[in-house]
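Peer 1: Listed below are the residues making up each chain.
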Amino acid sequence: MTRQARDNRAPEETFEPYEEHRGIPLPVLWIAIALALWGVVMLFQSHSAADSGITRRASQLSTQTGQTADAGAALFVANCSTCHQPEGTGISAAIPPLAGSPFTAARPEVVTQILLHGINGPIRVGDRDFNGHMPSFASVLSNEEIARIGNYVRKRFGGQPPELTPQLVARERERFADRGPWAGGAEIAGTVDASLAPQPPTVPARIVPTDAATRHLVNDGRGDAWACASCHGAQGQGNEDVPRLAGLPAAYIAKQLGDFSSGRRDNDSMRVVARALSKREMAALGRYYERLSVPSTARPSLGGDLARGEKLALEGDWENKVPACFSCHGPSGFGVAPTFPSLSAQHPSYTARQLADWAGGVRSNSPVQMMEKISGRLSAEDRRAIADYLATLPPVPARKPTPEEASNANTAR
Amino acid sequence: MPTPHDKQRQPEGAPPATAPRSHGRTARTAILALAGGGVLFVIGMAAFETGLLGDGGDDTNRRETAAKQSDAAFQPPALGAIPDDENGAAIRRGMAIFLNTKTNAGDFVGNDLACVNCHLDAGRKPGSAPMWAAWVVYPKYRSKNGKINTMEDRLKGCFTYSMNGQGSPSGGPPPVGSDVYRDLEIYFRWLATGAPTGEKMKGAGYPKLKKTDIGYDPARGAKVFEQNCASCHGADGQGQRDINGRIVFPPLWGSGSYNWGAGMARVNTAAAFIKENMPLGQENRLTDQQAWDVAAFIDSHERPRDPRQTGSVEATAKAHHGGESYYGKTLNGRLLGTGTSGS
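In the order they appear, the protein sequences are chains A and B.
Be aware that the first sequence starts at 1, since it is given in the working numbering, and climbs by one per residue.
Be aware that the second sequence starts at 1, since it is given in the working numbering, and climbs by one per residue.
The following block holds chain A by itself, in its conformation from the complex (with noise of 0.2 Å):
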């Protein structure tokens, strides 16, 4: 009524239009109000699912050996089992037993050189000679970490009292800082402990220069084809949502760039890359990348439950029909070459986006349409744990040309 009577007034010369306050109607308050609370809620649960992950799995951990007392115990399982074994026994023809080895009865410099370096040649543990790839761990444990383990490995295995330190760890890791893992028990026979001898002798390195387009395509780019290193990294060790490329199979980035390209596998900036290279330039740039080793630079991010993520990697989710990762990705998330890439190290933004990326149907480029159906079946929480879990492992050592491949490269350069 009163609206009205105003209205019909002659509007004065002083008038000044001017708002009156009005609340905020109800309906607004209360959404906003609960998607406060919805917010509270959602952090308090990623934190304390990362905080009760961590907690469980080292638990579980340290119940699993029965060692409790040792810190070392649980380090061993997470970190050195998947290969060596909960015994220590190695796998025939491919891993190296710890049990009765002389590496872990050899001074405590040799256990901790093994570890910060990793090996990637040939070495006799007994009477058995094995061609060694071990990742090196220098990037994923601290000084701390690598003493526990090396002291519970030597002790456990060889015999030997606790006499690795944090410092004596810092030391050993200062003395080679830059060099890469160790060629063959030769070498560190040769360098650590003479008492190692013999070793099989290493087979002269075989270095394969890259031919000097692929090198100049990945640090200067060339029009469309920006440079691989702008984003990739210098060492194709990538960067949150830019993938790590080191150590992936040649003939999957190469299979990947193809996808880009022809736009089975979406993705705007890759897709004018692609579109740039030719089939050739994509096969140098893999087995480029594939050669390539460098320290992991991923670290969890997510709040994923790294218990329920190592759990999904090592045995699956069989009542929700998810096979373990690492059956098809190998047992050490080190990929299994042609086909399926190395997991291990990798940024977890990146992993978690391709694993839901698949599920919501954007990605849908794997073999057998394996990855579609697999991640479709995880939860975002599943997504989350994996992706964390698989960053905490330590990289995938480089693969070692093989004499044809060697040969190859010399002659067509």
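Derived by calculation from the structure, the hints in this document are not laboratory data.
Glycine is no exception: its CB is placed at the ideal position from the N, C-alpha and C atoms.
Take these hints with a grain of salt, some might be off.
As the list claims (entries may be wrong) - With a Cα cut of at most 30 Å, we get these calculated DSS-like pairs of lysine-lysine:
id, chain 1, residue 1, chain 2, residue 2
1, A, Lys321, B, Lys202
2, A, Lys321, B, Lys208
3, B, Lys223, A, Lys321
4, B, Lys210, A, Lys321
5, B, Lys202, A, Lys373
6, A, Lys373, B, Lys210
7, B, Lys223, B, Lys329
8, A, Lys373, B, Lys208
Stated by the list, open to error - Listed next, with one range per pair, are the computed distances between beta-carbon atoms:
id, chain 1, residue 1, chain 2, residue 2, range
9, A, Lys155, B, Gly80, 20 to 26 Å
10, A, Gln167, B, Pro196, 57 to 63 Å
11, A, Val41, B, Pro196, 41 to 47 Å
12, A, Ala105, B, Val176, 34 to 40 Å
13, B, Gly80, A, Gln167, 33 to 39 Å
14, B, Ala319, A, Gly159, 53 to 59 Å
15, B, Gly311, A, Gly159, 50 to 56 Å
16, A, Glu144, B, Glu226, 37 to 43 Å
17, A, Glu13, B, Phe48, 34 to 40 Å
18, B, Gly333, A, His216, 41 to 47 Å
19, A, Asn267, B, Lys210, 42 to 48 Å
20, A, Glu144, B, Ser170, 44 to 50 Å
21, A, Gly126, B, Asp179, 20 to 26 Å
Stated by the list, open to error - Which chain B residues face chain A? A few, computed with CB under 7 Å, are given here:
id, residue
22, Leu40
23, Lys125
24, Gly245
25, Gln282
Go by the hints and put chain B onto chain A.
Peer 2: Using the frame of chain A, we list chain B on its own:
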């Protein structure tokens, strides 16, 4: 929903409400807003938890699968629940043999396989001959050797045929009373914790696959293999290894695979296994026809000889290979069953 708030709107142009009234209104609004917000939140939370919202329906999917499975199959104890005593130590040894047979029972293994290759999920998966279901029906009569078999007898058969014991360092299966049998048996017994003894359990063995009208054909199977199996088992069926030479995908024929005496060397057994379990995580991707054809394709390749063969392949075929097998048959001009070199 009309609210008291609307009715009490101040006439415009009226002087501002007195302070106490305004306070009362603010408080009322706050209470109403909080209550309403809380209700909305609870409703939203409930919707999310029951799977009506979020994750694009994945959750409902998962729940359905889980529900379907839980009323179907027996649940063995979780791997993390192995006890920490002498029993547990033996159970762990048994599990280690089951998973990495060549490493932990290498004297008796003459190929590149492990138990877990055909008994998935560490011998736990329903439909892939889970060990909890096998444990509760032994000892029993088997027509394969015409006598009552204890679990040890049965395991001896596994080592003789599936693990090709004849090609192993010892030249045969573990001897009677070997610790290999003890450790495997206690692992099975532990997996069967709480299972009913003597009952044929749901999920036991490989579910039998009905024959199709047009029968099976290795030539059709070759195509199925190329499209569905080769990316893991290799175009040549020889499996694949990782960077350390560790077998990731087992070889399906040739000297590294099971011999002609193994159950898996029968087309019907292989077809049933494949249909129910392959490719990993996509059981029933293949039609019955495709499963039969690809099983026939796999069986039409040479593999280590049947250890029961003393005379000719023909005689052994007559004595032991009445069923669905390419043993003793001639395919593309080649007699199958003569064995691979080194076996």
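Peer 1: Does each hint fit the structure? Answer for all of them.
Peer 2: Quick rundown of the hints versus the structure:
1. Straight-line distance between C-alpha atoms of lysine 321 of chain A and lysine 202 of chain B comes to about 17 Å, which keeps the hinted pair within the 30 Å bound.
2. This hinted pair checks out: lysine 321 of chain A and lysine 208 of chain B have alpha carbons roughly 20 Å apart, not beyond 30 Å.
3. The hinted pair formed by lysine 223 of chain B and lysine 321 of chain A meets the criterion: a straight-line CA distance of about 26 Å does not exceed 30 Å.
4. As the CA atoms of lysine 210 of chain B and lysine 321 of chain A are separated by approximately 24 Å, the hinted pair is consistent with the 30 Å bound.
5. Straight-line distance between C-alpha atoms of lysine 202 of chain B and lysine 373 of chain A comes to about 25 Å, which keeps the hinted pair within the 30 Å bound.
6. With a CA separation close to 26 Å, the supplied pair lysine 373 of chain A and lysine 210 of chain B stays within the 30 Å bound.
7. Between lysine 223 of chain B and lysine 329 of chain B the CA atoms are separated by roughly 21 Å; this keeps the pair inside 30 Å, and the hint holds.
8. For the suggested pair lysine 373 of chain A and lysine 208 of chain B, the alpha carbons sit about 25 Å apart, so the restraint of at most 30 Å is met.
9. Evaluation of the 20 to 26 Å hint for lysine 155 of chain A and glycine 80 of chain B yields a pass: the beta carbon distance comes to about 24 Å.
10. The hint said 57 to 63 Å for the Cβ distance between glutamine 167 of chain A and proline 196 of chain B, and at roughly 59 Å that hint holds.
11. Valine 41 of chain A and proline 196 of chain B have their C-beta atoms about 43 Å apart, which keeps the hinted 41 to 47 Å range intact.
12. Take alanine 105 of chain A and valine 176 of chain B: their Cβ atoms lie about 37 Å apart, and the range 34 to 40 Å holds.
13. Checking the proposed 33 to 39 Å range against glycine 80 of chain B and glutamine 167 of chain A shows it holds: the Cβ atoms sit about 35 Å from each other.
14. About 54 Å separates the C-beta atoms of alanine 319 of chain B and glycine 159 of chain A, a value consistent with the hinted range of 53 to 59 Å.
15. Distance hint for glycine 311 of chain B and glycine 159 of chain A: a CB-CB separation of about 55 Å, consistent with the stated range 50 to 56 Å.
16. Checked against the given bound of 37 to 43 Å, the beta carbons of glutamate 144 of chain A and glutamate 226 of chain B, roughly 52 Å apart, lie outside it.
17. Glutamate 13 of chain A and phenylalanine 48 of chain B have their C-beta atoms about 59 Å apart, which leaves the hinted 34 to 40 Å range violated.
18. Between glycine 333 of chain B and histidine 216 of chain A the C-beta distance comes to about 55 Å, which lies outside the given range of 41 to 47 Å.
19. Between asparagine 267 of chain A and lysine 210 of chain B, the C-beta spacing of about 45 Å keeps the proposed range 42 to 48 Å intact.
20. The hinted range of 44 to 50 Å is satisfied by glutamate 144 of chain A and serine 170 of chain B, whose Cβ atoms lie roughly 45 Å apart.
21. Our hint of 20 to 26 Å for glycine 126 of chain A and aspartate 179 of chain B holds, since their Cβ atoms are close to 21 Å apart.
22. For leucine 40 of chain B, the interface hint holds, since its Cβ comes within 7 Å of a Cβ in chain A; the closest pair sits about 4 Å apart.
23. The beta carbon of lysine 125 of chain B is positioned within 7 Å of a beta carbon in chain A (closest approach about 5 Å), and the interface hint is therefore held.
24. The criterion of a C-beta within 7 Å of any C-beta in chain A is met by glycine 245 of chain B, whose closest approach is roughly 5 Å, and the hint holds.
25. Interface hint at glutamine 282 of chain B: satisfied, since its Cβ lies 6 Å from the closest Cβ of chain A, which is below the 7 Å cut-off.
Hint check: violations occur at hints 16, 17 and 18; the rest are consistent with the structure.
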